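So the sequence lines, in the order shown, correspond to chains C and G.
Following the numbering used here, the numbering of the first sequence begins with 1 at its first residue and continues without gaps.
Following the numbering used here, the numbering of the second sequence begins with 1 at its first residue and continues without gaps.
Misleading hints may appear alongside valid ones.
Chain C stretches covered by chain G per the calculated footprint, using a threshold of three residues with CB under 8 Å from any CB of chain G [what the hints assert, rightly or not]:
#, segment
1, 144-153
2, 213-225
3, 232-244
4, 250-260
5, 268-277
Note that these hints are calculated values from the structure, not bench results.
Values in this document were obtained by computation on a predicted structure and should not be read as measured data.
We treat Cβ as the ideally placed atom computed from N, Cα and C, and that holds for glycine.
Residue strings, one per chain:
There are 2 protein chains.
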Amino acid sequence: MIRISIDAMGGDHGPAVVIPALLAVATRRSDVRFVVFGREDVVRPELNKYPKLADIVEFHHCDVAVRMDDKPSQALRHGRRVSSMWRAIDAVKNGEADACISAGNTGALMAMSKFCLRTMATIDRPAIAAIWPTMRGESVVLDVGATIGADAHQLVDFAILGTGMARALFGMERPTVGLLNVGVEEVKGQEEVKDAGRLLREAGKMAMDYRGFVEGDDIGRGTVDVVVTEGFAGNIALKTAEGTARQIGEYLRAAMSRTLMAKIGYLFAKSAFTRLREKMDVRRANGGVFLGLNGIVVKSHGGTDAEGFAAAIELGYDMVRNRLLDRIEADLDLFHARRPLSSSRSTEFADDSNE
Amino acid sequence: MIRISIDAMGGDHGPAVVIPALLAVATRRSDVRFVVFGREDVVRPELNKYPKLADIVEFHHCDVAVRMDDKPSQALRHGRRVSSMWRAIDAVKNGEADACISAGNTGALMAMSKFCLRTMATIDRPAIAAIWPTMRGESVVLDVGATIGADAHQLVDFAILGTGMARALFGMERPTVGLLNVGVEEVKGQEEVKDAGRLLREAGKMAMDYRGFVEGDDIGRGTVDVVVTEGFAGNIALKTAEGTARQIGEYLRAAMSRTLMAKIGYLFAKSAFTRLREKMDVRRANGGVFLGLNGIVVKSHGGTDAEGFAAAIELGYDMVRNRLLDRIEADLDLFHARRPLSSSRSTEFADDSNE
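Build out the structure end to end from the sequences listed, making use of the hints.
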């Protein structure tokens, strides 16, 4: 049985999108149960529409809902312990749920997740990992916006976290990993990226197959399974790709409705276009996974529909089923066992640590 | 008459692509003349294929060609004063040409351009500006990889440089400008980006209409005419967009050849697909303009064909014709006249400067 906690108040549409998504997931996965948090007056009517949910949903009323434009500090001030977002995260902490899904605002969700779940022992900062459709299948790209900037050690942490996710998600033993940079030659790029590359090359046997630097166009090509970068460049890359896909979709629509011949062609090729649209459907890849925390939290896109929110739930489900946290912890242990603590950030406390 | 100097040895294909491009440009613009630099034994045979070029091309032999994998320092050591790349740039410096075009390696071309032409008086670092096709038309995006990182003052310089280019290229009086960031709220993002935003807001009347922060998906949407960022994120955004376009092109090809119905549909809609392909054709937007130097240098993509190289030449031509450098200098003067020098980088030398 996999138990998922749900913040029903997040996203642009709230329970109207979240609750139907639960039904969609339940029809596809029989061993799922939900703990849902939200305001009784808006969630209960939605729940009542789907009698099938009665057996698999446990509902808890919360007075407070974090708003989409709340700053993280505001959200923590007003929403700690009492908001649907906090309580959904807290359900993971206290063992009532295996993973938490919210379409609420990213900054607030990350702040609350850090505050409530805490980062893993050797991890400085969590990252947000996206699943990126590629020509070869899918890749994991992180960080796509949890924090701005990252030093070499944090980039190495991201590489380990992303490796764990790729192993859990794609069922591969030793995913290939690349550091996003502006050129494949060793001479180029930021010092942090170069240093991280050196650390990864020297790290000895790990669960990852480090392949060196990759460039922006390697992401869509699927050159590596895991693309590692800091949150500023990662967020810009993700949004730029989304924008480009939308732009080409517009071009295509315009081209196909321009002439009678094109319209006829469109009718003949309609199933091909449907296939293409499915391939380009961002809802299928919906869900940013928060990595580096003592618990699984998945952020759904705020503007998505029920199918998109269901995809985010299923992502969380898969992460639980495939033991994401165990894999990450094993990889971190392996890495830190091989690296003397003196060369890591924790130098000063090395003697006091639990070694 | 507009005179363009050409490094015939750059790019993956050298003179075989460069020389036919000259003819393509000459058939479209009657007032263009070329000064071509390269090795006699490979350039002359190409020139001889096109008798029409005899009247408008002046050829100079150079012993040395910068290699595509030369590091900037190597290129400077072996190629200064003697290589086709250097001499093409130098032709701009000594007034023999109005702009220089090369498909040679970016690092070497930038290093030589800086060394030979020098940066403009108040400019710290040059930038590379790309023309980005958008849903609304085209935008200028910079820096796409001249240097990694940029402080607030450099970002402001880039905004002014990009404004000058947009004015010259699109013929608009007051282009809209945005700073690339990871969120539109004022609280997010890098300190440098926030500080640059503040400087631009406070700058008073300028030739630009500063619109605040934009995100990755705003680039393709055409939200602003000029998108400003530092070279790491800019390069990653550009390459990610190119990769995404290629990826979707692949999807489309695969979808259209999958079933008989789709193939028939493709035949009917062929002209629409041709139109789409033209829209997505990266050759049309080929050419990175080096901004902030005392001269116009355009970098063509190394792997392009004659049509792509011709587009880079025409970009240089348009920049000359529309007085890019005059516009930039006027904008810089306006900006610095309104800003007391004490708040710029040059504080210490303000009294010794030529004011």
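Structure-based check of all given hints:
{"no.": "1", "hint": "144-153", "verdict": "holds (count 3)"}
{"no.": "2", "hint": "213-225", "verdict": "holds (count 7)"}
{"no.": "3", "hint": "232-244", "verdict": "holds (count 12)"}
{"no.": "4", "hint": "250-260", "verdict": "holds (count 7)"}
{"no.": "5", "hint": "268-277", "verdict": "holds (count 8)"}
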